[in-house]
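Taken in sequence, the protein lines are chains A and B. Per the numbering used here, the first sequence starts with residue 427, numbered consecutively. Per the numbering used here, the second sequence starts with residue 427, numbered consecutively.
In short, the hints are calculated from the structure, not lab data. Any given hint could turn out to be false.
If several chains are the same, the list does not tell them apart, and a pair holds so long as it fits within one copy or across any two.
To be verified - Okay, derived cross-link-like pairs now, DSS-like style, lysine-lysine, Cα gap no bigger than 25 angstroms in a straight line: (1) LYS1081 / LYS1037; (2) LYS615 / LYS669; (3) LYS1001 / LYS731; (4) LYS1042 / LYS943; (5) LYS640 / LYS471; (6) LYS1042 / LYS731; (7) LYS680 / LYS471.
There are 2 protein chains.
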Amino acid sequence: MQESKIDKIEITDAFWLRYMELIRREMLPYQWKVLNDKEDIVIEKERDAAYIPSEKSHAIENFRIAAGLASGHHYGMVFQDSDVYKWLEAAAYSLRRVPDPALQEIADGVVDLIAAAQEDDGYLGTYFTIEAPQRKFKRLYQSHELYCAGHFIEAAVAYYQAVHSEKVLHTACRLADCIARHFGPEEGKIHGYDGHEEIELALFRLYGTTKDEKYLALGRFFLYARGQDPSFFWQQRAADPDKSVLIEGMEGFKPEYYQVHKPLLEQETAEGHAVRVTYMCTGMARLASLAGDEAMLAACRRLWKNIVDRRMYITGAIGSTVQGEAFTADYDLPNDTVYGETCASIGLIFFARAMLDNEMCAEYADVMERALYNTVLSGMAPDGKHFFYVNPLETVPEYSRKDPGKSHIKLTRPAWFGCACCPPNLARLLSSLDNYAYIVDGDTVCTLLYMESVGRFTIAGEEVRLTQKTDYPWGGRICLRVEAGGGQTFGIGLRIPGWAAQYEVSLNGRSCEGVLKDGFLVIRRCWRTGDEVILQLPMQARCWEASPAVRADINRLAVQRGPLVYCLEQADNGKDLQLIRVPENLPLTYRFCPDQFGGTGILQGTAFRRKAPAAKGLYSPWQEPVYEAQQITLIPYYCWGNRGENEMTVWMYKK
Amino acid sequence: MQESKIDKIEITDAFWLRYMELIRREMLPYQWKVLNDKEDIVIEKERDAAYIPSEKSHAIENFRIAAGLASGHHYGMVFQDSDVYKWLEAAAYSLRRVPDPALQEIADGVVDLIAAAQEDDGYLGTYFTIEAPQRKFKRLYQSHELYCAGHFIEAAVAYYQAVHSEKVLHTACRLADCIARHFGPEEGKIHGYDGHEEIELALFRLYGTTKDEKYLALGRFFLYARGQDPSFFWQQRAADPDKSVLIEGMEGFKPEYYQVHKPLLEQETAEGHAVRVTYMCTGMARLASLAGDEAMLAACRRLWKNIVDRRMYITGAIGSTVQGEAFTADYDLPNDTVYGETCASIGLIFFARAMLDNEMCAEYADVMERALYNTVLSGMAPDGKHFFYVNPLETVPEYSRKDPGKSHIKLTRPAWFGCACCPPNLARLLSSLDNYAYIVDGDTVCTLLYMESVGRFTIAGEEVRLTQKTDYPWGGRICLRVEAGGGQTFGIGLRIPGWAAQYEVSLNGRSCEGVLKDGFLVIRRCWRTGDEVILQLPMQARCWEASPAVRADINRLAVQRGPLVYCLEQADNGKDLQLIRVPENLPLTYRFCPDQFGGTGILQGTAFRRKAPAAKGLYSPWQEPVYEAQQITLIPYYCWGNRGENEMTVWMYKK
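Bound conformation, chain A alone (with noise of 0.2 angstroms):
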């Protein structure tokens, strides 16, 4: 069979264009001058922590002194070097969409220095470099050297597509080759890993490019390697002479922490911080596709069905704790204490593709919208300058100033954190979305999200060409024209969102019927140019609810539309919103409003509000409770935070 596959998604959809352009225009110049102290903003905490670095980002400066080219001591977390890295990733998938010669200029200079970073035996780290040579590959637990690497190898790879830079190529095969000389089964390597998974994806991601076996085989050995001796990090520990922590604050975490109490064959829940989980499921669900891994490929689907199933919020957030920033237990989903990182979402996004390279099903990009739309989106605010860490289902001003249970639940966005992991995550992920909007499957192109885009595929060696028009997430009609030449047999699979009660397909007018498989409805048939599919979802705003395993939501509903969950917050519906209370079948109207947000849908109705008991006092014998009618708004819960702190709820208490 000839070969399929996607050639080129260009974006051209109102709703991301705006980001794809904010990122372009404000995101990347802003975080680039944050990234060189030439910011003049108020870096925060991103929660109340003594230890967390948040005096400067010194990031570049950091590689100039690793560099040689300037003198002085590294500042930041031991990981201070990923947040350079996303940035260049991001602006990698930029200049791919755009040329920018400014840009370019900038992120060949990022290149070089991080070159000139590079010591020779091809090590990169600039903490290790600059203050602790001797310590180098001896505290993985903590140092993230590796975490690090992977992080330069994503951008390296990306960057090398983008504008075909050999250096950067070069720089990452040496770093790779590096890491390969260190670590591995043979003896007289270190038979371990980093305690925050990246680098096997990244192996992989690097092997895609380069064909070269010998990085597919150093990431297998990372994930295999994994957890067969639990005890791994604490015997470094214990043979390290220098006892000085990298980070402090994590002294007490456990193996389940770091992924390590089991080999991952054998893990059967999540557990620990969640970002390192999805990541290490991604390299997994790499390794499953690039080496046809069934085994590997079986662990990731029960670690995929535990989070799915049973630890995610319904806007895609994940991780229950602030504690290690981390998943707690199945059905333990506080809406006001949650973690829910941004990062989180964004590497569950990276394990819902990957699994979908491995078997077509919906569920995986179901969560991937649901993710996107919903936690990713919350992590920044309209100007793409300020974002949030944590990503918190309901928040009282007063509980998350007093409440040191709730410290890390900010109200705002700040414009930067000591840790400042999320915001350059969201600049790569945000502009690389056309690697999230079509899959190719044997001679089948699937969509997966719904975005305006003209995509050009090969199928079965011939080229094929749709254009999708839709006015989604706000409208739910998506029309797919297609260019075939003079006619082409292939199938074309619309993922039917599982939030969606019914919907309707028409081609060139009529009526038509598919096949709806795992969520794909195939429709598979002669394509001519100018044929056109019409894919209808409803978009009507519904009430939702959680499992009744979910003790956190109980009597509670929560309001979706197309893939938006929406939110009260107290700057439309008053304080106390746990006032508010809602008839199931709760009747809402749907506006647009261009001016808000960046333009968004928001929802009107009317609900009750609970009027405050005659009896006084905290506790009382129960009475009948007395209501009034209260006009609701509903906006979509990622534009939640931008109007000064204020309370917000997602799940709303039934009447």
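We have chain A already, so just place chain B on it with the hints.
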């Protein structure tokens, strides 16, 4: 007017005598062994923190070392001495009630040991005597020196009153005099106070016994000095050449934690460590009544109102967060992450009792009752040898194990704690309950807590005896039989509990009226021997609700019967207690079970269980839920956690 006072209350109550005898026969001997490290038990950390010392108690050995009778180092918390003092105080109350030569011999030995550990200048504190004499009074925010001194003074007064030991009182006065030489408004003295309040209330107690105005003045000084300069502790810390901390994990605490953020008269809300707040307030209230300090009384009322109207659980638990064992914000009362320390509710009872000495208002006794019958009793197992530090209102075993934000929520009572404040505090409160049964106000004798007893009073110079018969808290009938010679005019005030929707009072078999004032029904007449007053309180179990300002309790009901709050446990009702739904008029049948939990009354009725929904996955469009009937059993909250690890909830979900 001639003197009125309580002469002696002899408790004859089956419910409470069981506890008092348990303390005398089991708890005091057990705790004595623990303090001597002669009991084979596992000491647990009260929460997941590496720095909590939990290898042994060593409390008596610390005194032996300080006294020069043994060699070695201090072990345990810097305030480990207070465990011994609280034990001695409990022993004193027990000896006051029932002479016991064997116990008294041990207690006399403890007094000798304490006196031997006292330094020549009166200083007492084994940690500083053994380990750091140069650091005395230099780190008051952590040192607990005055806190420990306060506990010794309290024990000394109690022991002196019980067995007339001049030695113990002399030792206490020497200690208090030592403190008076170091602290006070005079130049050259420390214008400071302890991080943990306790010395204040103790000095007032010492003044009550010795009538030495110096102790009143010193206690007054500590209260009025507090918070005048919120930076006092940090100035002291900065001045201390030795930078090592005395207690780990506390360095980040803010002035509010210690109630030093403002002068006491300006504090409007209860902030910081809950036990400290209640001990501070107890001191304030005692000063108010001893010195007629109206400004201090007004401050007490403000703090009382804030706690009771906005920051207290239905069980009388206080302290919403484990971080700092502290209050958080108004109405922030999470059930599953609550701290609710046993000691804090004991402190709330102290505060309430001290307020009653200022003003006769039944709300104080109502709160005393709520805290006592629920959180305080929950603090110990029926065997008198296992204790809760934290008293949650909702538990899920899996979440306690896997959610670090719930690691302090223990599911069964440990035998002892690294910080062992609660067990001996329970012993001293429960063995002195006679102090909480009655109060005399002018020529009126009022009931506070209902329990069978023989009370001897002097009312306006004349002897009065009241014999109380009741089956409280199981039955609501309280009978007071008067002995007052041939006739004597005075008032008998009956507390009408806030939970009682109605009540009936009869005098010598006939309906009777009195004057209801601030929750006390006062009957004033010429009483004769043989007069009998019967108060009948309604004992129907009822569903209670929280103010809708409490987000955690919305759409939820709790059951209360008499003073007892009830709960559901998995042992009776199966797993997934959140699936149980109750109607607001839940009909419940009461049954006393003499063999359960040392004899208790249980409630049973028919509720509903939500059946698993048809929809799979975590989230789905709302569907009409399906229920099936379920028989439910409720046990008194204080009985929870005695049948292995299982789910428990106080607040049930409304159907």
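Structure versus earlier hints - violations, ascending order
Structure breaks hint 5 only.
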